[in-house]
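Keeping the supplied structure of chain A fixed, place chains B, C and D upon it in accordance with the hints.
Residue numbers (the working numbering), protein chains in the order written: chain A, 25 to 154; chain B, 16 to 147; chain C, 2 to 245; chain D, 40 to 429.
In case anyone wonders, no lab produced these hints; they're calculated from the structure. Take the hints with a grain of salt, since some may be wrong.
Unchecked claim - Straight-line alpha carbon distances no greater than 30 Å define the calculated DSSO-like cross-link-like pairs of lysine-lysine that follow:
hint : chain 1 : residue 1 : chain 2 : residue 2
1    : C       : 228       : B       : 119
2    : B       : 28        : C       : 228
3    : D       : 371       : D       : 337
4    : D       : 250       : C       : 20
5    : A       : 119       : C       : 19
6    : D       : 42        : D       : 396
7    : C       : 7         : B       : 28
8    : C       : 229       : A       : 119
9    : C       : 7         : D       : 274
10   : D       : 42        : D       : 274
11   : A       : 119       : B       : 68
12   : D       : 42        : D       : 371
13   : B       : 119       : D       : 403
14   : A       : 119       : C       : 228
15   : B       : 65        : B       : 81
16   : A       : 119       : B       : 139
17   : D       : 274       : D       : 172
18   : D       : 366       : D       : 403
19   : B       : 119       : B       : 65
20   : D       : 250       : D       : 404
21   : D       : 250       : D       : 337
22   : B       : 119       : C       : 229
23   : D       : 250       : C       : 19
24   : D       : 404       : D       : 366
25   : D       : 42        : D       : 286
26   : D       : 274       : D       : 286
27   : C       : 236       : B       : 28
28   : D       : 337       : D       : 42
29   : B       : 28        : C       : 19
30   : B       : 28        : A       : 123
31   : D       : 403       : D       : 286
32   : D       : 414       : C       : 7
33   : D       : 403       : D       : 414
What the hints assert, rightly or not - Below, a sample of chain D positions facing chain C; criterion: calculated Cβ distance under 7 Å:
hint : residue
34   : 83
35   : 261
36   : 263
37   : 297
38   : 314
39   : 343
40   : 345
In this text, all values refer to a predicted model and were calculated from it rather than measured experimentally. Built from N, CA and C at the ideal position, the CB exists for glycine as well.
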Amino acid sequence: MLEEGSLKDHFQSSDRFGEGAILWFSKILSGFLLIAVLVIHLVVNHLVVSGGLLSHQQIVSYYQMAFIPAMEIIFLIVVVTHALLGLRSVLLDLKPSNKLLRVVNISFVLIGLAAITYGIWLVVAILNQG
Amino acid sequence: MSEQTPKAVNWMKWFDPRSRGVGMWAFIINRLSGLGLVLYLVLHLIMLGKLAKGPQAYDQFIAMMKTPFWIAGELLVVAAVFIHGLNGVRIILTSFGIGGDRQKQLFLIIMLVAGAAVIFFAWKMFAHAGGG
Amino acid sequence: MTENKKYTWNIIFKIFRKKAGQPAHYDQFDVAVNPDEYILDGIERIWAYQDRSLVFSHACHHSTCGACGMLVNGEEKLTCITTFRSVTRNGGTLRIEPLRNFPVISDLAVDMTGMFERMHAVSHRPVIADTFETSRGRKKEREDLLRLADCIECGLCISACPISATSADYIGPAVLAGAQQPGTFGENVLNIVDSEDGAWRCHSAYECTRVCPSNVDPAWRIMDLRKKLVLTRVKRMMGIKEKT
Amino acid sequence: MYKPRVIVIGAGFTGVALAYDLARRGLDVVVLERGPLVNGTSGRTHGLLHSGARYAVDDPESAVECIQENIILSRIVPEVIEPNGGLFIALNEQDMNYREEFLAGCARCGIPTRELTPRQALELEPHLNPQLKTAVTVPDAAFDPLRLAMAFTASAQFYGAQFRLFCEVIGLTGNHSSQISAVQFNNRITGREEVIEGDIVVNAAGVWAGKIAGMAGNIHLPIRPTPGIMVTYDKRLCQLVINRFNKPGDGDIIVPQRHFITVGTTSFEADDLDYIPVVQEQIDLMYERGCELIPDIKHTNQRAAFMASRPLLDSEAVGGSLTRTFKCFDHKIRDGIDGLVTITGGKATTMRLMAEKTADIVCKKLGWQAECTTKENILHSYREFIFQND
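For reference, chain A alone in the conformation it holds in the complex (with noise of 0.2 Å):
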């Protein structure tokens, strides 16, 4: 027979972290700017020299100009956040027990600060080089 609640405690269940609205949200809207970032970030770095690829000197040339660096860092930001959570949409389809999920989300979150944290030190280091 149907248990009353049976399923409704099944997919209430509060020990786990999986996928809502919000997370979904996250991941389209980072998609998006993802885009827009992209187009900027392909012309300046590999279109407008020849050769497709920046040797050191025009990077670090570049980097003097304020909005490169920025506009740099946001796009870090947002690849890693969408690539996360994209990487994790695929692993929760394998529907991991709530332990493996618990150390796939503590992982993601400090892999993506760790990522961050290096992409801004690199922009510094190139900036410093100027």
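Structure of chains B, C and D alone, referenced to chain A:
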């Protein structure tokens, strides 16, 4: 008595297009390109670390990148970016009520645009490599 | 009554067999068919004249009950409305298998009670006991509700979905579509569809809509559901009261 | 407390309704069914919950049963019924000649009718043949066959009844030849033969009831299996059940279900009941007759075509022509074989009543004191159905 069929190993079904339609192809290439781009992102960030090590290390690396093999690899990344990005546009549109009943056509248009973009980039990148 | 003289095609059926405690295998049956009759007729004749142990599900034979969904050459079909002509040719082979992503009872029959339980949980109504449509057509404002009452709970969408293949807990396209039938979400239904195993698990492969035999278009419904859920959640976050 | 065990053979409409009735009365019920639920005649019904008007002139007994049961079923299992009503339409003078008789018959049987002008009828159902002369509304309805059976099954399961699906009966046995006390069957899921003992066996196998009764001894049942065709078209061109205003004939009923309509039916005789071929001539006949009632069927596609074999009773049983009513046989009285009861005939609309009458006989034979309570109580949702085999 009855056996539950879904198993964790079934993830290979994600990439099995047999007897499936256009939407499934969209799902497959979106997932593959997404996973590929995550991998690229990791490598890209690591490689960019060379920028901090000074001009010599970085420019040496860039020189290596200009061989046809690596250009082809880079082109793959460009293709993934366009496929994944444009497919993302399709998902955003359909998720917010635009073209939900035209998803097949939407997908085909997007793939045509992506194809054109990849050809443009290929021309641009190989031309530069040849000329440089 | 005269014998039916129109069995002009010969078809080879390769049928998935599974009996409790025994390994699965395929059995082959040669059947003379009328190209315009339905695959379920062929399967029923195999049972009637060739192998009485063949287990398969069927009831209404005209697509109102949803019992006879099977894989025909790998593709989900409601066998009572699928003609031979639409899937093969004279001399062709048809591989018949049970639906994916459901527990197999035996041979071609699967247990769909889990899906029924979920449809129940989201307050979907199987038969709309009202005249929401006139014979001139459907009243526009009731189109959604009616289209969802067309869902015959055949399970083809769940079988075709690549996500249902890896996650049995994903509540599935039919249920996500059906959840919208009442027009508004009760708190319980909201918690079911706006969950890890709900609308967010869908990755837009559109296979559900492609195989749906009943005009429900579950993929479009899931897309629509997400929009509604995001709006609902954003409004709640900002403290805006919903209209009731 | 000791509960007598009743074994019901067949999970068609009669079997599931009987299991529910008996289980409610506190008996231990086991249903054996060779296939899934309602895989035979019951599943392949037209889906018409009769108002009785169809039988009001020729078969008033059936008509009265229908209207009463129509009201009861609409109340106890609303989940699967679409109570849109029905319309009888007259297309020519010959149909019109039937009008007086029809209205009088309906009035006698207690079937509410309301006559519409052709214009009113066309306003209600614009796809009808514009040549129609008159139209009468009746309280017909459409139902979903599998879900109706599942609702009864789920409710029976709630009261402890056990359903063993995919178990084909192969023999009836007992301590001596005039007493049935056990049923042998072949479990199609495990492939094994099994035996189950019971205090009484009810043969509810519909058109196959003769075959089952034959396993108990030299019993002949007056059942005339009468198949008929139904053809489904893929557009919902009417909201009400459309009937031809005449004596029952071929292709004179159109039932709307979901987004399609089904035209039926015919009557002929068949010997082999396990598979009845769908004949093209009959499909063509349904198309032709359907187009007379609703010409726009021309602009639809055929969606399905299927045959169902009604278990009609012939004159020996009821003293008249073939009838849509039902009959319960106690084989002790009729054939000197105890422990076996057969219920057959009838139609989907009267399933609950058939179960009630049969359960009364079963309880009397068992000396079990319990009243029928199926009339008053709303059934459980069909979605509570559990698949059972062992």
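Now the hints, each set against the structure:
1. C:228 with B:119: The given pair, whose Cα atoms are some 20 Å apart, holds under the 30 Å limit.
2. B:28 with C:228: Since the Cα atoms of residue 28 of chain B and residue 228 of chain C sit roughly 28 Å apart, the hinted pair holds (cutoff 30 Å).
3. D:371 with D:337: Violated, at about 54 Å.
4. D:250 with C:20: Holds, at about 27 Å.
5. A:119 with C:19: Measuring from Cα to Cα gives roughly 28 Å; hence the hint holds.
6. D:42 with D:396: Holds: residue 42 of chain D and residue 396 of chain D sit about 20 Å apart, inside 30 Å.
7. C:7 with B:28: violated, 40 Å
8. C:229 with A:119: Holds, at roughly 25 Å.
9. C:7 with D:274: holds, 27 Å
10. D:42 with D:274: violated, 51 Å
11. A:119 with B:68: Roughly 42 Å between the alpha carbons, so the hint for residue 119 of chain A and residue 68 of chain B is violated.
12. D:42 with D:371: holds, 22 Å
13. B:119 with D:403: Judged against 30 Å, a Cα distance of about 65 Å means the pair is violated.
14. A:119 with C:228: It holds: about 24 Å lies between the C-alpha atoms, which stays within 30 Å.
15. B:65 with B:81: Roughly 16 Å separates the two Cα atoms, so the pair holds.
16. A:119 with B:139: violated, 43 Å
17. D:274 with D:172: holds, 25 Å
18. D:366 with D:403: holds, 17 Å
19. B:119 with B:65: violated, 43 Å
20. D:250 with D:404: holds, 23 Å
21. D:250 with D:337: violated, 42 Å
22. B:119 with C:229: holds, 23 Å
23. D:250 with C:19: holds, 29 Å
24. D:404 with D:366: holds, 17 Å
25. D:42 with D:286: Answer violated: residue 42 of chain D to residue 286 of chain D is near 48 Å, above 30 Å.
26. D:274 with D:286: holds, 27 Å
27. C:236 with B:28: Given that 30 Å is the threshold and the Cα spacing comes to 37 Å, the pair is violated.
28. D:337 with D:42: violated, 58 Å
29. B:28 with C:19: holds, 22 Å
30. B:28 with A:123: holds, 25 Å
31. D:403 with D:286: Given pair residue 403 of chain D, residue 286 of chain D is violated - Cα atoms ~39 Å apart, limit 30 Å.
32. D:414 with C:7: violated, 47 Å
33. D:403 with D:414: holds, 19 Å
34. 83: holds, 5 Å
35. 261: Violated: closest Cβ of chain C sits about 21 Å from residue 261 of chain D, beyond 7 Å.
36. 263: violated, 14 Å
37. 297: holds, 5 Å
38. 314: holds, 4 Å
39. 343: holds, 4 Å
40. 345: Given a least distance of 4 Å, the restraint on residue 345 of chain D holds.
Of the hints listed earlier, those the structure fails to meet are numbers 3, 7, 10, 11, 13, 16, 19, 21, 25, 27, 28, 31, 32, 35, 36, in rising order.
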